[in-house]
Amino acid sequence: MSILNKSGEVGDLTEEPEMLDEALQDFRLSLHAWSESAYSWPRRAVEPGQRRVWRLATAWALVCVLAAGGASAGLWEHHRQEMKIAAARLVEQQRRLAAQQRARQEEEDLLAKVDLAGVDSDVSREVPSAMEPLAQLMAEDETR
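Quick note on our numbering: the sequence shown kicks off at 7 and runs consecutively.
Quick caveat, the hints were computed from the structure, so don't treat them as lab data. Be careful, since some hints might not be right.
In silico SDA-like cross-links for lysine to any residue, where the CA-CA straight-line distance does not exceed 25 Å [said to hold, decoys possible]:
1. Lys90 - Gln100
2. Lys90 - Arg102
3. Lys119 - Ala109
4. Lys90 - Ala77
Derived Cβ-Cβ restraints for the label pairs, each shown as a range [to be verified]:
5. Trp82 - Ala109: 56 to 62 Å
6. Ala104 - His84: 41 to 47 Å
7. Ala92 - Glu148: 51 to 57 Å
8. Gln142 - Gln107: 48 to 54 Å
9. Arg57 - Leu81: 32 to 38 Å
10. Glu148 - Glu113: 56 to 62 Å
11. Gln111 - His85: 37 to 43 Å
12. Glu148 - Arg110: 48 to 54 Å
Glycine is no exception: its CB is placed at the ideal position from the N, C-alpha and C atoms.
Please work from the sequences and hints to get the whole structure.
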């Protein structure tokens with residue numbers, strides 16, 4: 007292994023152990039000089055608690071915003087589901103009412119088709135001959 011000596015010549019470290027000691031000593035001295043100058047650099051005075059308080063406040067604010075967002079999203083979804091259920095119930099109720107109205111209309115149409123006079127005449131034919139004059143009186147009353 008080779009190294010540059012103080013005169014700028016390349017020397018072999020295995021042959022000259024003094025050169026290795028000098029290189030290490032120079033490195034050590036330069037390191038100490040650097041660390042002393044680093045300690046003398048001007049620094050800003052920052053209160054350590056103040057920075058921590060702002061970080062803690064920011065973290066709590068973020069947690070509160072996320073919690074409020076999650077809760078409002080849950081409430082909105084619940085409201086949306088309730089509205090769907092109410093709409094389905096309303097549609098079912100309207101369908102039932104329409105079916106009842108159709109059934110009522112069919113009954114009224116069926117009753118309108120039935121000839122009540124024909125029913126009375128059928129009933130009167132089935133009565134005994136002794137009651138025939140009474141049946142004729144009833145038939146006359148219906149024609150009036």
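Check your understanding: Quick one, are Lys90 and Arg102 close enough, alpha carbons at most 25 Å?
Key -> Holds - the C-alpha atoms of Arg102 and Lys90 are around 19 Å apart, at most 25 Å.
Practice item. Quickly compare the C-alpha distance for Lys90 and Gln100 to 25 Å and report which way the hint goes. Key: Roughly 15 Å separates the two Cα atoms, so the pair holds.
Point to revise | Whether the CB-CB distance between Gln142 and Gln107 falls inside 48 to 54 Å | key: Between Gln142 and Gln107, where Cβ atoms are some 41 Å apart, the hint is violated.
Practice item. Determine whether the Cβ-Cβ distance between Gln111 and His85 falls within the hinted range of 37 to 43 Å. Key: 39 Å, holds
**Study point:** Range hint 51 to 57 Å (beta carbons of Ala92 and Glu148) holds or violated
**Key:** With Cβ atoms ~53 Å apart, the hint holds.
Point to revise | Cβ distance range 56 to 62 Å for Trp82 and Ala109, holds or violated | key: 41 Å, violated
Check your understanding: So the hint says 56 to 62 Å: do the beta-carbon atoms of Glu148 and Glu113 match that?
Key -> Hint violated: Cβ distance 23 Å, outside 56 to 62 Å.
Check your understanding: Quick one: are Arg57 and Leu81 within 32 to 38 Å, going by C-beta?
Key -> 37 Å, holds
Practice item. Would you check the hint for Lys90 and Ala77, treating anything up to 25 Å between C-alpha atoms as holding? Key: OK: Lys90 and Ala77 at ~20 Å, within 25 Å.
Practice item. Sort out whether Ala109 lies within 25 Å of Lys119, counting only the CA atoms. Key: 15 Å, holds
Review point. Taking the beta carbons of Ala104 and His84, is their distance inside 41 to 47 Å?
Key: 31 Å, violated
Check your understanding: In this structure, is the beta-carbon distance linking Glu148 and Arg110 contained in 48 to 54 Å?
Key -> Cβ of Glu148 to Cβ of Arg110: about 27 Å, so the range 48 to 54 Å is violated.
Checked against the numbered hints above, the structure breaks hints 5, 6, 8, 10, 12 and satisfies the rest.
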